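Visitor: Okay, here's what each chain looks like letter by letter:
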Amino acid sequence: MTRVLGWLAALALLAGLGMAFAVAPREATQGTVQRIMYVHVPSVWVAYCAFVVVFVASIAYLATRAEAADRLAHASAEVGVLFTGLTIATGSIWGKPTWGTWWTWDARLTSVAVLFVMYVGYLLLRGMIDEGERAARYAAVLGVVAALNIPLVHFSVLWWRTLHQPPSLMKPGPSSMPPVIVRALLVNFAAFALLYLYFVAKRVRLLRLEGEAGA
Amino acid sequence: MRKTKFITGGAVIAAALAYMIYAGVTQSAVYFVTPAELRASAVAGKAYRLGGMVLPGSVTWEPRTLALHFTLGDGTATVPVRHKGTPPDLFGEGRGAVVEGTWSADGYFRASLILAKHSEEYKAPHDASQAGYKELIRTLQGDGR
Amino acid sequence: MIFARRAWSVVWKDLLVERRSKETLNALAFFSLLLLFVFQFALGPDRERLAAALPGLLWLGFVLAGLLGLGRTFVLERENDCWEGLILAPGDKSAIYVGKLAANVTLMLVVEGLILLLFAVFFNVDLAPALTGLALVMILGTVGLAAVGTLFAAMTAQVRARELLFPVLLLPVQVPVLLGTVKATEAVLLGEPLGAVGHWLGLLAAADVIYIVTGLLTFDFLLES
Amino acid sequence: MGDNWGFVLAAYALAAIVLTGYWRHLVRRERELNAPVAGHPPGAPPRQQ
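Chains as they are written, first to last, in our numbering: chain S, 1 to 215; chain G, 1001 to 1145; chain W, 2001 to 2225; chain V, 3001 to 3049.
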């Protein structure tokens, strides 16, 4: 099952690469650099989804005490941190040629960075507790607090300052992107989502094995 | 008892989040001051973020000393800007730019950082619709949300 | 009613212990004085730079004092082997959370008032005209800081490397509160009306509500055996 | 304006390295846990699958 997911993800990633480099056109103002978008944007979407999964799984764990929910939360947080890091790194590489700087404290950069450290803290907390049950319980509480904090971080940082372009897909009315670019983005998003599912499935199995080995 | 507690608490949290999102959407964010706003109330030594259009014909760049001079305008006022360094790729005459720096008492803006702002319009190569001047400022200000 | 009485007994106990020993308060007062030293050395005598940095410095001081003070929320219980007692307390434990939170907010506000006074005296700033606005921002911000801080203090109380983990967990979560309070303080100190920062006050209030309710709902889970 | 292929390549290469690195880490951990290693500390014998 997991293996099939892995192959699907690999195929989708190849398709995504094809869309990004062969199908999508060279963008008019930014040039080829804009192709970084096809890794950057899908990976931040996947990261947000991952943290929503952490939130839901944390509540599920507190309600049912099912170890499976805890493993899902743990795996999803780890993979989410991975994708958040990737977002920050690729965004930085994109920022240098287009904005002229590797890093600027603009709204979205900052809120993604805050998200990153929040969930790194989550993983650190898990690592610091030896008893599995207590680690699960505490981490679940932190998973809930962190997720509820995301909207607060988003708006506070947005009001604080922004230089990033407003979200172009999310805004009401006709999208300002040509359909080719949207399609390429969606294919890459699907590929990253499959990869996320594959990683989480594998990590969950690993956590189960680790739990058995430790028991 | 326990269930009521969680349902009530969840409802209160949801209400607070809804309020946040409502306030967030209706709040208009100002990302930077325009040249006219800066001219109206410039305090020497104070840090600003200044946004406008790089006026055509105003850019001079000395590759040897890395001295970059240009003028930012918004249709009603202009501000001379001085910077030391290489301009970013998206920087160019007739394009929008946001600069960070301080207003100098000698009547120019000393930029420590130039951020060529890319608008949210991603264009296909032959979609050559030239964004008008007003449109440029509008996208610069991020009103296109 | 029972809830309020339980919460009150925790507040009363904590404040009484603190009033008798003054352990935390004395240390924090001294710490505030040291902060003043550090800020002074870091910034130099430039008045203009100081005025520009003041709101940030003020909240940096509050947060650092908060990290030290809030981290000690459950130290007495741990050292005196009362942790089991907390766990064994019958019924709803969110009353303990409310009590601890109220005691923490009180203590923090006292320390913050002291830091404010030290700033006014040693940095020679006139805070008097901004005092009501400042008090409002400080209360909103401190409640937010203490609401998460109390919860996280309980979370890290029985964990390895808790002195390290507590700030590492608390600081990122506090980013919205920090941004809001610093921006609001800046406006208040510049003499702007509170209406100009209404959205920040709204954000702080929303954050306070969310943090407190989350704390009430989840505190029970931290005190299971 | 230059095309900055270097930046594009750097971004994609970084993504490839990070993702395959994590994948290899997972695979290696799984193999370790499935096949007990020789020289395991005594007192805590690895469980046979």
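Everything labelled a hint here was simulated from the structure, so no lab data went into it.
The structure displayed is predicted, hence computed values, not measured ones.
All C-beta atoms, glycine included, are put in the ideal place defined by N, C-alpha and C.
Mixed in with the good hints, there may be bad ones.
Claimed, not checked - Short, incomplete list of chain S residues facing chain V, as computed with Cβ under 7 Å:
#, residue
1, Thr101
2, Leu207
3, Leu209
What the hints assert, rightly or not - With a Cα cut of at most 35 Å, we get these calculated DSBU-like pairs of lysine-lysine:
#, chain 1, residue 1, chain 2, residue 2
4, S, Lys96, W, Lys2183
5, W, Lys2093, W, Lys2013
6, W, Lys2183, W, Lys2022
7, W, Lys2093, G, Lys1084
8, W, Lys2013, G, Lys1003
9, S, Lys96, G, Lys1084
10, G, Lys1003, W, Lys2022
11, G, Lys1003, W, Lys2183
12, W, Lys2022, G, Lys1084
13, W, Lys2022, W, Lys2093
Visitor: Could you run down the list of hints and mark each one as holding or not?
Guide: Evaluation of the provided hints:
Taken as an interface hint, Thr101(S) does not check out: its beta carbon lies about 13 Å from the nearest beta carbon of chain V, beyond 7 Å. The restraint placing Leu207(S) at the interface with chain V is violated, with a minimum CB-CB distance near 10 Å, outside the 7 Å limit. At its closest, the beta carbon of Leu209(S) sits 4 Å from a beta carbon of chain V; the interface hint therefore holds under the 7 Å criterion. A hinted pair counts as satisfied when its Cα atoms are at most 35 Å apart, and Lys96(S) with Lys2183(W) qualifies at roughly 29 Å.
Of the pairs offered as hints, the one joining Lys2093(W) and Lys2013(W) holds, with about 16 Å between alpha carbons and a cut-off of 35 Å not exceeded. Under the criterion of a C-alpha separation no larger than 35 Å, the hint pairing Lys2183(W) with Lys2022(W) is consistent with the structure, at around 33 Å. With a C-alpha separation of about 61 Å, the suggested pair Lys2093(W) and Lys1084(G) falls outside the 35 Å cut-off, and the hint is violated. Distance hint between Lys2013(W) and Lys1003(G) is fulfilled; the C-alpha atoms sit about 30 Å from each other, no more than 35 Å.
Between Lys96(S) and Lys1084(G) the CA atoms are separated by roughly 17 Å; this keeps the pair inside 35 Å, and the hint holds. Distance restraint check for Lys1003(G) and Lys2022(W): the Cα-Cα separation of roughly 41 Å exceeds the 35 Å cut-off, and the hinted pair is therefore not satisfied. Simply put, Lys1003(G) and Lys2183(W) have alpha-carbon atoms about 39 Å apart, too far for the 35 Å limit, and the pair is violated. A distance of roughly 55 Å separates the Cα atoms of Lys2022(W) and Lys1084(G); the hinted pair therefore is violated under the 35 Å criterion.
Taken as a hint, the Lys2022(W) and Lys2093(W) pair is honoured in the structure, with Cα atoms around 27 Å apart against an allowance of 35 Å.
In summary, the structure is inconsistent with hints 1, 2, 7, 10, 11 and 12 from the numbered list given earlier, while agreeing with the others.
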